[in-house]
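If you want the building blocks of each chain, they are given just below.
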Amino acid sequence: GNSVTQMEGPVTLSEEAFLTINCTYTATGYPSLFWYVQYPGEGLQLLLKATKADDKGSNKGFEATYRKETTSFHLEKGSVQVSDSAVYFCASIPGYSSASKIIFGSGTRLSIRP
Amino acid sequence: DTGVSQDPRHKITKRGQNVTFRCDPISEHNRLYWYRQTLGQGPEFLTYFQNEAQLEKSRLLSDRFSAERPKGSFSTLEIQRTEQGDSAMYLCASIQSSGAANEQFFGPGTRLTVL
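These protein sequence lines are chains A and B, in that order.
According to the numbering used here, the first sequence is numbered sequentially starting from 1.
According to the numbering used here, the second sequence is numbered sequentially starting from 1.
Keep in mind that the hints were calculated from the coordinates and are not lab data.
Any given hint might turn out to be false.
Residues from chain A that face chain B, not an exhaustive set, calculated with beta carbons under 7 Å [what the hints assert, rightly or not]:
hint, residue
1, Tyr39
2, Leu44
3, Leu46
4, Lys77
5, Ala86
6, Phe89
7, Gly105
8, Ser106
Note that CB positions come from ideal geometry on N, CA and C, so glycine has one too.
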């Protein structure tokens, strides 16, 4: 079946540090891959996505590359800010349509110290 | 604000009581999803509607749960005879299924606490 496994948190970093949150997936076929973010007191928001192998999704300084050979979609940011403190979810949707149900990882809580 | 609203935002109830939540999707979206998120976990799919038709239900959706979308607009999720294990955040999302690159928009959720 389809599943997503991501790095357990919490992750605590100092401002301007480099961030990596690991994510791997299992799927039949070629899923679309996503990172969602949940800021304190707010709903889930799409951060970035990639729909095929070698695609790179990017937004707000965050990047993730769809690696078919390692079944991974690691989230990276070169210099984190306090405002990046949130819970990050890696997710997949089987197939091409983004209108299918989303399979989420368990989430990684990120805290950034000033 | 994503345009998807949920009501109430918080609900505290006693075990054995019935509760009902409402989701108002973005008006032109034909597909509506319900997810459940327990503490420290990612959201899990419960059910979805295409217009007014309920097309899929997760095995997580026991017979105490029922969802409706009577006119293809808002949806309700009812839990009968609540149990402490039902305590969770219930999320709603909507999307227009005809666009391949579209995004699912999430509401703020209803946090249920069963005492």
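Now the hints, each set against the structure:
1. Hint status for Tyr39 of chain A relative to chain B: violated, with the closest Cβ pair at about 11 Å, above 7 Å.
2. With its C-beta approaching chain B no nearer than about 4 Å, Leu44 of chain A sits inside the 7 Å limit, and its interface hint holds.
3. Satisfaction of the interface hint for Leu46 of chain A is found here, the shortest Cβ-Cβ separation to chain B being roughly 5 Å, below the 7 Å cut-off.
4. Interface hint status for Lys77 of chain A: violated, as the beta-carbon distance to the closest one in chain B is roughly 20 Å, over 7 Å.
5. Annotation: interface hint on Ala86 of chain A violated; nearest CB of chain B at approximately 14 Å, more than 7 Å.
6. A least Cβ separation of about 5 Å between Phe89 of chain A and chain B falls short of the 7 Å threshold, and the interface hint therefore holds.
7. With its C-beta approaching chain B no nearer than about 5 Å, Gly105 of chain A sits inside the 7 Å limit, and its interface hint holds.
8. With its C-beta approaching chain B no nearer than about 5 Å, Ser106 of chain A sits inside the 7 Å limit, and its interface hint holds.
The structure shown violates the earlier hints numbered 1, 4, 5.
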